[in-house]
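Q: Starting from the known structure of chain A, fit chain B onto it as the hints suggest.
There are 2 protein chains.
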Amino acid sequence: MNGAESLVRTLVGGGVTVSFTNPGTSEMHFVAALDRVDGMRCVLCLHENVATGAADAYYRMTGTPGSTLLHLGPGLANGLANLHNLKRARSGVVNIVGEHATYHRQYDAPLTSDIEGIAGSMSHWVKTSVSAADVAVDGAAAITAASQPPGQIATLILPADTAWTEGTGPAPVEAAAAPAKVAEAAVEAAAKAIAAGGRPMILLGTDGVREKAAALASRIAEKTGARILGQTSVARMERGAGRVPLERLPYPVDGALAATKGITHLILVGTTAPVAFFAYPNKPSLLYPADAEVITLATPAEDAVDALERLAERVGASKTAPKLTAPGVPDLPKGALTPETIAAVVSHLMPENAIVVDESVTTGRGFFPYSFGAPQHDWLQLTGGAIGEGLPLAVGAAVACPDRKVVSLQADGSGMYSLQALWTMAREKLDVVVCIWANRAYAILKHELANVGAENPGRKAHDMLSLGDPDLDWVSLARGMGVEATRVDTAERFADAFASASRRKGPFLIEVLC
Amino acid sequence: MNGAESLVRTLVGGGVTVSFTNPGTSEMHFVAALDRVDGMRCVLCLHENVATGAADAYYRMTGTPGSTLLHLGPGLANGLANLHNLKRARSGVVNIVGEHATYHRQYDAPLTSDIEGIAGSMSHWVKTSVSAADVAVDGAAAITAASQPPGQIATLILPADTAWTEGTGPAPVEAAAAPAKVAEAAVEAAAKAIAAGGRPMILLGTDGVREKAAALASRIAEKTGARILGQTSVARMERGAGRVPLERLPYPVDGALAATKGITHLILVGTTAPVAFFAYPNKPSLLYPADAEVITLATPAEDAVDALERLAERVGASKTAPKLTAPGVPDLPKGALTPETIAAVVSHLMPENAIVVDESVTTGRGFFPYSFGAPQHDWLQLTGGAIGEGLPLAVGAAVACPDRKVVSLQADGSGMYSLQALWTMAREKLDVVVCIWANRAYAILKHELANVGAENPGRKAHDMLSLGDPDLDWVSLARGMGVEATRVDTAERFADAFASASRRKGPFLIEVLC
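Protein chains in written order, with this note's numbering: chain A, 36 to 549; chain B, 36 to 549.
This is chain A alone, in the form it adopts within the complex:
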């Protein structure tokens, strides 16, 4: 078998069974091999950033890396922004990037670029195969690298001749290490901080916001009075009725500072010390008191559940009941569409076991409190701040969990970055309800312009932050890509559309004028 086939068989054998693809000429032997080998689901994406964003959600939902297939340096470049988000979500992925044949690179053909350089900016592991005999072994190493806890970006660059030349059989894949247990000293330090008589806070991220870890943290909080909070943007939070009602650290600097005001000890589980998304004149970078002691109980790569179990034991909270939310959702609202009525509709109608993908930006900041008592669901967010991942995440979540409803809560400006994802939803008949918050502006930037002190913007600044003139028509955009859609302008109509979209299978888009 040729190198390409040895790689496909290695991937499938190593548990990498989905390929989010956007291939080109240099990847044709790999495409042909995918065609011959069973076991790999190929999901065509019409832009590479859809592929990488989908791979991110796939990892968040399955815990195993998917793969992408990208066309040389520019194809990789197109997917880089969502690799940034994927990195910040601490997901794993195996990128397969085609390259010119080894002997062809010296000629600097038009599509030649520094692929390793481009990959290096966003990858934990990069390798260019040097011969067909190496491809399978390199592929196995890529899978192992991608699977390192908590998840890594492995980029394997595949020169065309290493794909088409006779290679070896598939290579065995070394299992990734389990997440490391934290040192006893870390548990001790956290326990000491809690016992110090101050105002300790436990900040949770990565696996720390999953059901098991959050319940343990809640036991500790109930027993000791320590406060618990999730990080600002979560990769995957398990929430809803019967789970811990975990708030997140607010995004705006002032809100975050208010949330951490007066804390004396900050205990980190699966996250790092919180820092403002952006610097602002005369505001601090760090989102906690300068004199608070920071204790890392578990890094994102370490076993958060084990660490919290041991901490709970040490503070005598193992038997304490966690604080869990009773079922209960807001009534269906009437009248105007506002962030509050939108949140009430979504929370009231949330399908059982849904996966919510939240790239709501400004519109969605207040959604959380409404849905604490909704049916259990997962909540996925943009972790790296590179907008344009919401729709791709919805693709990946739906591919990963075909039996669950995906609810995509999507701001319009960020949705436009990767609207091609809608086509993949239609092609793959993915079970996604997309809600577009059509405020027709980069609304967050209007706040930010005021934040930086530019109070009364003129026409030119206004135009640079507005999506009007002309208004985007998301119903037409969706139809253009084969996704049924409707537009609503009242809470009642939104509720009707959302309920109806939730009952059916397959993609549906609701443009919510707000």
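The set of hints was computed from the structure by calculation and includes no laboratory data. The reader is advised that the hints may include incorrect statements.
Any copy will do: because identical chains look the same in the list, a pair fits if it lies in one copy or spans two.
[As the list claims (entries may be wrong)] Result set (SDA-like, lysine to any residue): computed pairs, CA atoms no more than 25 Å apart in a straight line:
no.: 1; residue 1: K247; residue 2: P287
no.: 2; residue 1: K354; residue 2: A327
no.: 3; residue 1: K540; residue 2: L359
no.: 4; residue 1: K369; residue 2: A530
no.: 5; residue 1: K464; residue 2: D508
no.: 6; residue 1: K495; residue 2: R475
no.: 7; residue 1: K464; residue 2: G493
no.: 8; residue 1: K227; residue 2: F402
A: Structure of chain B alone, referenced to chain A:
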């Protein structure tokens, strides 16, 4: 004035008067400065690859660099693929990329990335300003760098605090050097090659395919019997009735080899020795005979017109008449839409002084012969092979030349990469007729799959190269972004739609089912 304003004033003073923008929080002071300072046209793009592709065409049409405004590493990453194309077109641009405040970077906020690393993969000049006092001088240096012949990519990274802190006044911009004159030895070598009694060919690229250079090359060809040819993908070719009917080296390897078969000397003007876009098993990389002598008369950075004038003089061709095309276009065809009838319609109805942006890929390979005798026009192509630049190029060409009609010849698969450009056409009321060749496939890849020996692809490979199921509906996509559109399925209807779109001002899209 703050650093941001000193930079905007430096840019405007240095002749950089357009900004293709997609700003974020870290660029808000720059946005506020753009708002305060006159002289900079701000063109909002809903994806960064639209901004960089537009900047490419802007340079091709004006010869002066425009600027882009991009949001940190991911914003730059999103625009990287068209920077690759821009680099291969040898265009110039000043990228302004926002960055976290200098003191904020140490905290590794979610949007932190290695911006210099990302920029370095596609830039000739990269600098991060270290203080507000440096910003104006750095901006001036960026303009000078971008203006170096034949055009360079200069990326200035602007930490937010260098933008908002009090800076200097604007800095003066050092004029870029004129293109260097070639050494006499190069002219001598070319003349000797022509006189050697073999079969010399002059291959033209960059400025070598503009009117003046092509006419000089034609004089030499008419006088000496040397053949002349344009490079495969041209940044900007001036053509039409009364100009030299310059063919281009074919894209397929076999066609290219046939075109250069038997040549003994290859004289390069504004280009490099031709190489296959991709390697294929058992086909050569170089697209000319192994024993041909390669002579560089002028590199892309050197003065092609001067070099050809001197060569013409030396071979006694200065007074020889160039071979120019007489006016004449094909009749309007009837019936089915084929590459030939499409080409006939476009050529017959080509508006006077149009700018044609050609990302036709497979559908458009045969267009050239039909339009040699059309009214004079410029022909812009994808130079770097990173598909998704056609629509952005149309934006930039229309911004650069508001009094000329832009005709965008666009394949559907590549159009989908950057369809957000349609919105900017609507917002800016750009005078563009977009023709989408809706073959609903990555048709080129179907050929390529066969080329690499994968003859009878199965369902999975077919699906990865098809844009059907569901079909894209470009009329809806255009309407979704505020661009009027129609769909045609016969040559007559295409002609009607094209004629009507050509008569009106503003953007119009025609989906051509083929």
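Q: Check K369 against A530 for me: Cα-Cα at most 25 Å, and say if that holds within a copy, between copies, both or neither.
A: Intra 9 Å, inter 51 Å, cutoff 25 Å: intra-copy only.
Q: Taking 25 Å as the upper bound on the Cα-Cα distance, should K540 and L359 be classified as within, between, both, or neither?
A: Classified as neither; 31 Å inside a copy, 62 Å across copies.
Q: Given identical chains, is K354 near A327, meaning Cα to Cα at most 25 Å, within a copy, between copies, both, or neither?
A: neither (29 Å within a copy, 85 Å between copies)
Q: At most 25 Å between alpha carbons: which applies to K495 and R475, within, between, both or neither?
A: The answer is within: 16 Å in one copy meets 25 Å, while 39 Å across copies does not.
Q: Go through the copies and call it for K464 and G493: within, between, both or neither, with a Cα cutoff of 25 Å.
A: For K464 and G493, only the inter-copy Cα distance (21 Å) is at most 25 Å; the intra-copy one is 45 Å.
Q: Measure nothing new, just compare the shortest in-copy and cross-copy C-alpha distances for K227 and F402 to 25 Å and report within, between, both or neither.
A: Answer is neither; intra-copy 35 Å and inter-copy 77 Å both fail.
Q: For K464 vs D508, is the C-alpha pair at or below 25 Å within one copy, between two copies, both, or neither?
A: Close inside one copy (22 Å) and across copies (17 Å); limit 25 Å.
Q: With 25 Å as the alpha-carbon cut-off, assign the pair K247 and P287 to within, between, both or neither.
A: neither (28 Å within a copy, 58 Å between copies)
When the structure is compared with the earlier hints, violations turn up for hints 1, 2, 3, 8 and for no others.
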